[in-house]
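Each chain is listed here by its residues.
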Amino acid sequence: MQRRDLLRAFGGATAFALLPLDAVAAWSRVASGVRVAEGLSDGQLALVGAIADTILPRTDTPSATDVSVPAFVNVIVGENYVDTQRTQFLAGLDAFDAKAKTDTGTSFVDLAPSARGTFIEALEAAPRTGEPSRMYWRLKGLVLHGYFTSERVSKDVLHTEIMPGRFDGSAPLRVPAAKSGGEEHHHA
Amino acid sequence: MREQTDFDAIVVGSGISGGWAAKELTERGLKTIVLEAGGPVDPAKDFVEHVQPWEMHFRGMGDRAALERDHPIQRECYACDEVGHKFFVNDHDNPYTAPSDAPFRFFRGRQVGGRSITWGRQVYRWSDLDFEANAKDGHGNDWPIRYKDIAPWYSYVEKFIGITGANEGLSQLPDGEFLPAMPMTVVEQDARAKILKAFGGERVMTIGRAAILTQPHNGRLPCHYCGPCERGCVTHSYFNSLGSTLPAAQTTGRLTLRPNSVVAEVLYDPKTSRARGVRVIDAQTMQQTEFTARVVFLCASTIESVRLLLNSKSARFPDGLANSSGTLGRYVMDHHYGSGASGTVPGFTDKRTIGRRPNGIYIARFRNVKRAHPDFLRGYGMQGGSGRSGWGRGTNMPGYGAAFKQSLIDDLGAWSLNASGWGETLPHEDNRITLDPTVKDKWGIPAAHIEVRWRENERAMDKDMSAAMAEMLDAAGCTNVRTHGSNNPPGHCIHEMGGARMSKTATEGVVNSWNQAWDVKNLFLTDGSCMASNGCQNPSITYMALTARAAAHAVDAMKRKEL
Chain E
1 MQRRDLLRAF
11 GGATAFALLP
21 LDAVAAWSRV
31 ASGVRVAEGL
41 SDGQLALVGA
51 IADTILPRTD
61 TPSATDVSVP
71 AFVNVIVGEN
81 YVDTQRTQFL
91 AGLDAFDAKA
101 KTDTGTSFVD
111 LAPSARGTFI
121 EALEAAPRTG
131 EPSRMYWRLK
141 GLVLHGYFTS
151 ERVSKDVLHT
161 EIMPGRFDGS
171 APLRVPAAKS
181 GGEEHHHA
Chain H
1 MREQTDFDAI
11 VVGSGISGGW
21 AAKELTERGL
31 KTIVLEAGGP
41 VDPAKDFVEH
51 VQPWEMHFRG
61 MGDRAALERD
71 HPIQRECYAC
81 DEVGHKFFVN
91 DHDNPYTAPS
101 DAPFRFFRGR
111 QVGGRSITWG
121 RQVYRWSDLD
131 FEANAKDGHG
141 NDWPIRYKDI
151 APWYSYVEKF
161 IGITGANEGL
171 SQLPDGEFLP
181 AMPMTVVEQD
191 ARAKILKAFG
201 GERVMTIGRA
211 AILTQPHNGR
221 LPCHYCGPCE
231 RGCVTHSYFN
241 SLGSTLPAAQ
251 TTGRLTLRPN
261 SVVAEVLYDP
271 KTSRARGVRV
281 IDAQTMQQTE
291 FTARVVFLCA
301 STIESVRLLL
311 NSKSARFPDG
321 LANSSGTLGR
331 YVMDHHYGSG
341 ASGTVPGFTD
351 KRTIGRRPNG
361 IYIARFRNVK
371 RAHPDFLRGY
381 GMQGGSGRSG
391 WGRGTNMPGY
401 GAAFKQSLID
411 DLGAWSLNAS
421 GWGETLPHED
431 NRITLDPTVK
441 DKWGIPAAHI
451 EVRWRENERA
461 MDKDMSAAMA
471 EMLDAAGCTN
481 VRTHGSNNPP
491 GHCIHEMGGA
501 RMSKTATEGV
511 VNSWNQAWDV
521 KNLFLTDGSC
531 MASNGCQNPS
541 ITYMALTARA
551 AAHAVDAMKR
561 KEL
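If you read the protein sequences in the order shown, they are chains E and H. At the far end of the first sequence sits residue 188, using this note's numbering, and the numbering has no gaps. At the far end of the second sequence sits residue 563, using this note's numbering, and the numbering has no gaps.
To be clear, the hints were calculated from the coordinates, so they are not data collected in a lab. All values reported here derive from a predicted model rather than from experimental measurement. Note that CB positions come from ideal geometry on N, CA and C, so glycine has one too. Accuracy of the hints is not assured; some may be wrong.
[Claimed, not checked] Footprint (simulated), chain H over chain E, 3 or more residues, beta carbon under 8 Å:
hint, stretch
1, 46-60
2, 73-86
3, 116-125
[What the hints assert, rightly or not] Only part of the chain E face toward chain H is listed, based on derived beta-carbon distances under 7 Å:
hint, residue
4, Val109
5, Gly141
6, Leu144
7, Phe148
8, Thr149
9, Ser150
10, Glu151
11, Ile162
12, Pro164
13, Gly165
14, Arg166
15, Phe167
16, Asp168
17, Gly169
18, Ala171
19, Leu173
[As the list claims (entries may be wrong)] Every beta carbon over 10 Å from chain E, so not counted as near; a handful from chain H, in silico:
hint, residue
20, Glu3
21, Val83
22, Asp93
23, Pro259
24, Met286
25, Thr353
26, Leu377
27, Ala557
Construct the complete structure from the given sequences, taking the supplied hints into account.
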């Protein structure tokens with residue numbers, strides 16, 4: 001990991017001054033040549049779980065953590081991301097929690113569910129620039145992917161048929177609808 | 001027991017063309033050996049189309065580190081994914097080179113079945129608009145054949161492999177021997193009608209024509225609409241050589257299929273002016289064996305067949321076998337593709353799709369069909385599809401909590417419709433394959449050096465693809481219409497053609513109207529290398545028809561003692 005890659009990743013040196021202290025610390029560790037952990041720490045996993053369950057809470061269907069979304073996020077961040085992406089993501093996660101502390105006086109994981117929602121709502125309404133917003137939108141994509149591709153949600157919630165045995169291009173909509181619609185596998 | 005090394009026929013490659021050569025030559029009585037560079041494939045074990053996302057470590061997002069390590073080039077192909085990568089070559093064992101200012105993508109599958117396992121399955125006949133194109137505008141050489149020469153062979157191969165499609169009666173896109181068409185979606189039907197009306201019937205959006213069964217056919221089961229054909233099909237519902245042509249050849253009792261057989265050279269006998277056979281390197285042991293035969297069919301793929309001939313040097317042919325014309329390796333083409341447009345289709349929210357249709361829509365070529373276009377020669381077809389956005393739309397959408405989750409489950413989101421162009425490339429003599437002077441593959445065979453560039457005509461056509469598709473989406477009533485350009489380098493479409501083109505005379509090309517090398521009459525090239533132009537249609541069905549036609553000609557000539 002080169003320092004210039006980090007600078008590029010964070011959008012230039014001026015971004016440095018705006019980063020919360022935790023993120024600065026994470027950045028400094030990498031810039032000094034110390035490799036960040038391959039995946040998420042227990043604390044980061046708990047934070048991811050809290051964010052994921054705010055986005056997809058338990059109702060009559062499972063929550064994100066019910067189907068192990070944090071473990072999936074850990075696989076992608078730890079094993080699939082390139083170093084730059086991982087560093088960005090982990091620093092963003094730290095920045096996210098630092099912002100929660102600044103705005104609410106407490107860690108995101110210690111907030112009540114309604115306060116978590118309020119914080120997420122404000123973050124989503126803000127421009128998607130800078131950390132922690134960029135990390136949040138990346139995470140949201142991973143949370144949805146991990147949730148809707150899990151076995152339990154695919155089978156019990158979306159009722160995905162592996163071998164539908166037919167194609168109907170104008171079937172009536174039923175609720176809850178199977179996830180057999182929408183996607184298409186085609187390339188020439 | 002000593003291995004048999006003398007046969008009536010040698011076929012190099014076991015993919016789309018090689019499978020057809022094997023079937024036709026064996027059924028017509030020849031003891032035939034098929035030499036396949038890659039290993040065997042067992043559909044029951046190796047096909048992975050039913051592996052579900054939750055059964056994959058990365059849930060389908062791919063093992064980036066492993067793909068970057070083993071498949072740094074192949075991974076750019078959509079089908080070289082978390083489970084499908086096994087059907088793509090290791091890039092370190094199989095290098096090729098290109099000039100630094102002319103990137104080329106060479107996506108390859110070395111296994112029994114070749115790229116017929118991963119192909120896109122789209123099949124469109126050529127018409128005389130295509131066969132006459134070179135003669136009319138002077139780019140490239142005139143084809144020695146016309147539609148009437150190949151039409152019965154299209155029918156012949158289509159009847160065997162099974163094609164789904166709809167008759168449209170278009171002169172530029174002849175109808176074929178179709179099994180029942182797959183349905184269009186409700187928004188595709190609506191768009192078809194509106195586009196027909198808006199453009200006076202000139203722009204026809206039809207359901208894709210695909211080598212996929214919609215009813216039982218020749219002992220194979222119809223499609224069960226699971227989706228990802230490119231990972232294999234345990235029911236053999238789409239055509240690949242593994243499930244169709246190779247078993248047919250096997251049934252004759254005259255087929256020998258030899259995997260792990262890397263053909264390094266075609267052996268030339270100057271006394272008879274014929275190909276004597278081939279030199280094979282065992283892919284695993286590196287042991288060399290010579291196989292001999294009365295006739296040799298090269299079906300190794302466009303670039304591989306050309307590379308093989310370039311590497312087959314002799315005193316008579318110092319620049320590559322069958323290259324007295326000097327055209328071997330030249331006039332290489334691919335389709336430039338990917339520019340188009342997408343839009344949101346208002347309404348129809350009470351409708352959805354059931355099943356994953358492994359096929360899309362096709363818009364038949366409409367440029368330079370009746371009127372000359374001011375900006376470019378030739379034309380393009382467009383391919384695309386429609387669907388509802390599903391839960392994926394939530395990725396980029398504000399929202400959280402119970403209501404957000406429920407909306408992603410209950411509401412499938414808006415319909416979208418998109419299509420992109422697949423364009424003809426003008427044949428150019430400097431679009432060329434040579435042998436790299438230094439780089440060799442794992443078996444010591446010189447790597448291909450591929451220099452192919454898009455030029456003005458292709459770039460002008462790309463622009464029109466986006467603009468024309470946007471017009472059509474507007475006409476279809478779409479909102480949020482967005483155009484997209486394409487930066488795909490040559491090769492990316494995996495429709496590489498040319499390099500050993502068919503010609504009317506021995507001085508202009510490598511093979512005659514029967515795919516028979518002008519210089520070496522018992523040598524046939526029936527893969528994409530023989531193509532003198534490249535139309536805009538997906539090419540595999542044309543290779544199949546030409547292969548069957550060439551095999552029949554070869555056997556007839558042998559019976560007449562001419563070969």
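Each hint tested on the structure:
1. 46-60: holds (count 5)
2. 73-86: Coverage by chain H holds here, the residue count being 6 at a Cβ distance below 8 Å.
3. 116-125: Held - the stretch 116-125 of chain E has 5 residues with a Cβ nearer than 8 Å to chain H, which meets the minimum of three.
4. Val109: At 16 Å from the nearest chain H Cβ, Val109(E) fails the 7 Å test, so the hint is violated.
5. Gly141: At 4 Å from the nearest chain H Cβ, Gly141(E) passes the 7 Å test, so the hint holds.
6. Leu144: Result: holds, 5 Å to nearest chain H Cβ.
7. Phe148: holds (5 Å)
8. Thr149: holds (4 Å)
9. Ser150: With a minimum Cβ separation of about 6 Å from chain H (threshold 7 Å), the hint on Ser150(E) holds.
10. Glu151: OK, holds: Glu151(E) within 7 Å of chain H, min 4 Å.
11. Ile162: holds (6 Å)
12. Pro164: holds (4 Å)
13. Gly165: Holds, because the Cβ-Cβ distance from Gly165(E) to chain H comes to roughly 5 Å (cut-off 7 Å).
14. Arg166: Status holds, d = 5 Å.
15. Phe167: Hint holds; Phe167(E) Cβ to chain H Cβ min 4 Å, cut 7 Å.
16. Asp168: holds (4 Å)
17. Gly169: Since chain H brings a Cβ to about 3 Å from Gly169(E), closer than 7 Å, the hint holds.
18. Ala171: Status holds, d = 5 Å.
19. Leu173: holds (5 Å)
20. Glu3: Correct as stated: the minimum Cβ-Cβ distance to chain E is 40 Å, above 10 Å.
21. Val83: holds (13 Å)
22. Asp93: Given a closest Cβ separation of 24 Å, the condition holds.
23. Pro259: holds (27 Å)
24. Met286: Fine: 35 Å to the nearest Cβ keeps Met286(H) off the interface.
25. Thr353: violated (4 Å)
26. Leu377: Answer for Leu377(H): holds, closest chain E Cβ roughly 22 Å.
27. Ala557: Correct as stated: the minimum Cβ-Cβ distance to chain E is 35 Å, above 10 Å.
The structure fails hints 4, 25 (numbered hints given earlier, in ascending order).
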